[in-house]
Amino acid sequence: MKVLTDVRLLFWRKMLETLRNPVYMLTSLSAPVIYLVLFAPLLRRVAGNGVFTSGNVVDTFVPGLLAIVAFFNGLFAGWGIIDELRSGVVERFRVTPTSRFALLAGPVLRDLVNLLVTVVFFAVIAIPFGFHLHLFGFAILLLLISLLLVTTSSFANAMGLILKDEDRLAPIVQGINLPVLLLAGMLLPMSLAPQWLEVVAHFNPAYYVVEAARLLAAGDIAKAKVAQAFLVMVPLTVFVMAWATRAYNRAIA
Amino acid sequence: MDDAVVSTQDIRKAFRSKRGDVEAVRGVNLSVQRGQVFGFVGPNGAGKTTTLRILTTLLMPDTGVATVAGFDVKTEAQKVRRHIGYVGQAGGADRSATGREDLILQGRLHGMSGSDAKERAAELVAALDLGEFIDRIVGTYSGGQHRRLDVAIGMMHRPVVLFLDEPTVGLDPQNRANLWDQIRQLRAGGTTIFLTTHYMDEADELSDRLAIIDHGVIVAEGTPRELKRDIAGDVITIGVGEHDLHAQKLMSLLKDMLFVRDVNEEPEQLRIYVDNGESALPPIFRLLEQEGLRLATITLSVPTLDDVFLRETGRSLRVEAATAR
Chain A
16 MKVLTDVRLL FWRKMLETLR NPVYMLTSLS APVIYLVLFA PLLRRVAGNG
66 VFTSGNVVDT FVPGLLAIVA FFNGLFAGWG IIDELRSGVV ERFRVTPTSR
116 FALLAGPVLR DLVNLLVTVV FFAVIAIPFG FHLHLFGFAI LLLLISLLLV
166 TTSSFANAMG LILKDEDRLA PIVQGINLPV LLLAGMLLPM SLAPQWLEVV
216 AHFNPAYYVV EAARLLAAGD IAKAKVAQAF LVMVPLTVFV MAWATRAYNR
266 AIA
Chain B
149 MDDAVVSTQD IRKAFRSKRG DVEAVRGVNL SVQRGQVFGF VGPNGAGKTT
199 TLRILTTLLM PDTGVATVAG FDVKTEAQKV RRHIGYVGQA GGADRSATGR
249 EDLILQGRLH GMSGSDAKER AAELVAALDL GEFIDRIVGT YSGGQHRRLD
299 VAIGMMHRPV VLFLDEPTVG LDPQNRANLW DQIRQLRAGG TTIFLTTHYM
349 DEADELSDRL AIIDHGVIVA EGTPRELKRD IAGDVITIGV GEHDLHAQKL
399 MSLLKDMLFV RDVNEEPEQL RIYVDNGESA LPPIFRLLEQ EGLRLATITL
449 SVPTLDDVFL RETGRSLRVE AATAR
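Protein chains in written order, with our numbering: chain A, 16 to 268; chain B, 149 to 473.
It should be emphasised that the hints constitute simulated quantities derived from the structure, not laboratory data.
Treat the hints with caution; some may be incorrect.
[Said to hold, decoys possible] Far from chain A, some chain B residues (derived; all Cβ distances over 12 Å):
id: 1; residue: 206
id: 2; residue: 211
id: 3; residue: 227
id: 4; residue: 230
id: 5; residue: 238
id: 6; residue: 258
id: 7; residue: 270
id: 8; residue: 367
id: 9; residue: 371
id: 10; residue: 373
id: 11; residue: 383
id: 12; residue: 401
id: 13; residue: 416
id: 14; residue: 443
id: 15; residue: 452
[As the list claims (entries may be wrong)] Below, a list of computed lysine-lysine pairs in the BS3-like style, where the Cα atoms sit at most 25 Å apart:
id: 16; chain 1: A; residue 1: 17; chain 2: B; residue 2: 227
id: 17; chain 1: B; residue 1: 227; chain 2: B; residue 2: 266
id: 18; chain 1: A; residue 1: 17; chain 2: B; residue 2: 222
id: 19; chain 1: A; residue 1: 179; chain 2: B; residue 2: 266
id: 20; chain 1: B; residue 1: 403; chain 2: A; residue 2: 17
id: 21; chain 1: B; residue 1: 403; chain 2: B; residue 2: 376
We put the beta carbon where it would ideally sit given N, CA and C, even for glycine.
Chain B with its partners taken away, still in its complex shape (with noise of 0.2 Å):
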């Protein structure tokens, strides 16, 4: 039997724009099983945010089937309320109330009693070690503490599935540590969890499973082991620092070696893809030498799930981080 918390069957949305329709999701297919941290990756605009929202009822899709907790998005959109937590971009919490309150009100309007609301608020503001800040005003709190409440909040009702959307986006990196202790912590209660990123390490360290979108298309679903294990081999990864006038003729160069499956040139350096690094080396270097090419840094690594995005799209995710800033 089929034990999934979330299920989509060819979703699709489109928004009107200036320049014509634009479809944010075109035929999106995700199953999302009990208890699994399930990441859903894909750089900004590739339709992450569009799909959470029609499963989170936020959005109606055009056309497709999406079943959340069992309830359909379409018809019964107050039922699937009822089962999910969302936190969002954003946040959520009110800044004007204290975290406590924000808690309690989030209970109530799940249609808990007051009392049960307020053991509920104890419950989580201990299990998510809350108690230093809870009870001041929201808009006093660090981003850390902040994003705490938020997913507090959403945690409120016990929901069968918990959406966060880009949860650890303006983090710094040490609330960022805390926040997936935090995650792993409620997956380990037994929560089901939906996570957007466009970080492919936290998608990584977090995710049971992991689908990547891109343009609106899912082209890579698994394990992050079983996508990672599709490239075999390793990465050398070479700083070419100021020389990259060289570059193209040094891909050509090295795209001729055999043991080389393929080479991707990002700013200031090169990604190898080789069958076995440590016996690629040397070559690689003495080719190195005869160019006359001064290597800044050379890296000897396992491939990532950046890897992964680059081989399914053509396209580097660091490269798209790097530009976008």
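So here's chain A without its partners, still in its complex pose (with noise of 0.2 Å):
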């Protein structure tokens, strides 16, 4: 198959980009820690104020910032490929027999590779800090914020091919990492929202993803949160997929 083996050529390409640059991954990889750190503390000081209903701290706090991370790694594609497209890198693939596919999805699942090493990376380091890892639950939700992650990739990938510009796509992913991140619960659950607060929750998508990504942690996979979760990521996935292939295959003046 064309499209597999241009897309395997495009993901090896990015990925030995990342390889050689060993900054990126670290850079990545301290994040989680740094959150762990100097973050993780505040909430159990929190926890005994009776603010979290149900178990362990970390255990609520950390698929939150799974989620995130998976947000955040996917939104910063929009810079790399404003630099290809100034490189002529871009150009250069559009004028060869490539699949429109497999230039937007080589370099997503680069991000996916490196969103992947970073979430088992921090997993493994959370369960000192306190996080039960149930294994099963973790590979579901692995697969549910991957999805969340090859959304905003493709998501940001699009934009830059649309905007051209880093002084134009920065305020466009300032304005929506915020309300997305707050009004997921990411930091703190929803449940402690007030209402009207929590209903405009339930248009994020990433808020359903998080409430899914706690339960799924824990181990409980046959809730009806993590069913609605994967009903609404994967139609949005392949809908931001599609709209991000027509922007590669759409003339860019």
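Assembly of the complex is requested from the two constituent chains, each provided in isolation within its own frame, with the hints serving as guidance.
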């Protein structure tokens, strides 16, 4: 299959780039550690006041953080693509018979591999902080946040292609980042929110991911919220990927 | 039988802008024969790059038909892509990879097997003399090395036609000369080359045929020799230095001389088109003396493509290049 070969070739190109710049990987690995060391102790204090209804505070915090990492890592792809627009790489590939889907999927797959490495590392690091790892649930959690990353990375790639300029991309990414982050209950569960906020959160796809991620991390797989999260994320991922592929296909003046 | 590798019929392309639609290409008709170097010349913003982007499937024309290597750019884009090489202004080599990796990847994306791609890359490295730097990371290349790799990437899959967009912009004279040699070498190997440039000397030097585009339409087309022959006679260029206060008066006096066909004023110099340069020099000297004008320089030359452009558009490319800077 030409498409699969193309995806593999373009994935490996980006993967080599990552392997040659271990600084990137180290930066993305250090973020979760910083959260655990500098933020988790705060949560422990809050936990005593009955804010968290169930279980260990780290068990509530870590899955949300994994979702944040997936969300952020994906959005950063926009900067990479603008750099490649400028160096002519995107144009060069567009004048080959390479599958347009592969032009998108290759780099997105690299982001996905980076994410999985980061997240697994994070989960292992979190164990001494009191994180309970349920393997099967965690595997499904990985699948779910992979969908989130593929969505944000595809979206950011397409936005980069359309806007072609970091200065125009930054406000958009920033404008999405903060509300999505806060409305997903990534840092604190949405169950703490007043009702109007919780209603608004239901329009945020990341909210479902975070809610399901907490259940999955605890090993609760057969829950309606887990099914709900996949029902939201699978169509969204397909839709965003299709739209982003179109961005590669369309004339970019 | 027409052996056109590239042909267009009345292609047009407009872009939307705040001040309404701007027609970048307004009905371009072109035909490039197999084995030629075709120069596509014009000032910045004339529609060169837009035309090139249409031919290389990066942009859809609004109307008109364009075929490349026998395929329609609108309806058979993938087939067109299989048969063309393209080197954009920015290049396109991946700066985080080695040159050889870039070559092999390009071959693989064109459907070559791994071993075929390796073999072809080695062939190009030898033919284009890239061995010295090909296994280094592209980010460390000099401008000239980078550009040579870009051209090699475009040649990886043995395209029927190679498109080069302003290939020598930003290169120093030595690298420019090297690239010219490379282009001649590719042509000798039978590759059709479609080259855009805003350097008239470059087009003159390299092209078998060329077209001059201005404001989205082609204003002249032919071999460099044909185009220059149409401006028979010689050109006398006089440098007027600081004295250009007198230029207006001098111009009208010059135009009154029988053998002078035209005079064009440029910054600190006048270009005088005459039938016979050698016999025109003495009377021009006398005139300048009468007017008390001290000459800075005087040159007698044959017309260049710049003069062709000037005649067709009423503007001088040299002046535009100077003011653009």
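>> Check the hint pairing residue 17(A) with residue 227(B) against an upper bound of 25 Å on the C-alpha distance.
In response: With a Cα-Cα distance of about 15 Å, the restraint between residue 17(A) and residue 227(B) holds, given a limit of 25 Å.
> Non-interface claim for residue 206(B): all C-beta distances to chain A beyond 12 Å?
Replying inline: 6 Å, violated
> Is it the case that residue 211(B) keeps its Cβ farther than 12 Å from each residue Cβ in chain A?
Replying inline: 15 Å, holds
>> A cut-off of 12 Å on Cβ-Cβ distance, and residue 371(B) was said to be off the interface with chain A. Does that hold?
In response: 28 Å, holds
>> Please verify that the nearest CB of chain A lies beyond 12 Å from residue 238(B)'s CB.
In response: 3 Å, violated
>> Checking a non-interface call: every C-beta of chain A should be farther than 12 Å from the C-beta of residue 452(B). Is that right?
In response: Since the minimum Cβ distance to chain A is about 31 Å, residue 452(B) lies beyond 12 Å and the statement holds.
>> Check whether the Cα positions of residue 227(B) and residue 266(B) lie no farther apart than 25 Å.
In response: 24 Å, holds
>> Does residue 270(B) clear chain A by more than 12 Å, comparing its Cβ with all Cβ atoms of that chain?
In response: Answer for residue 270(B): holds, closest chain A Cβ roughly 19 Å.
> Taken at face value, is the distance from the CA of residue 17(A) to the CA of residue 403(B) at most 25 Å?
Replying inline: 67 Å, violated
> Is the straight-line distance between the alpha-carbon of residue 179(A) and that of residue 266(B) 25 Å or less?
Replying inline: The given pair, whose Cα atoms are some 34 Å apart, is violated under the 25 Å limit.
> Minimum Cβ separation between residue 258(B) and chain A greater than 12 Å?
Replying inline: At roughly 6 Å from the nearest Cβ of chain A, residue 258(B) sits no farther out than 12 Å, so the non-interface label is violated.
> For residue 383(B), is the shortest beta carbon distance to chain A beyond 12 Å?
Replying inline: 38 Å, holds
Hints 1, 3, 4, 5, 6, 19, 20 from the list above are not met by this structure, while the remaining hints are.
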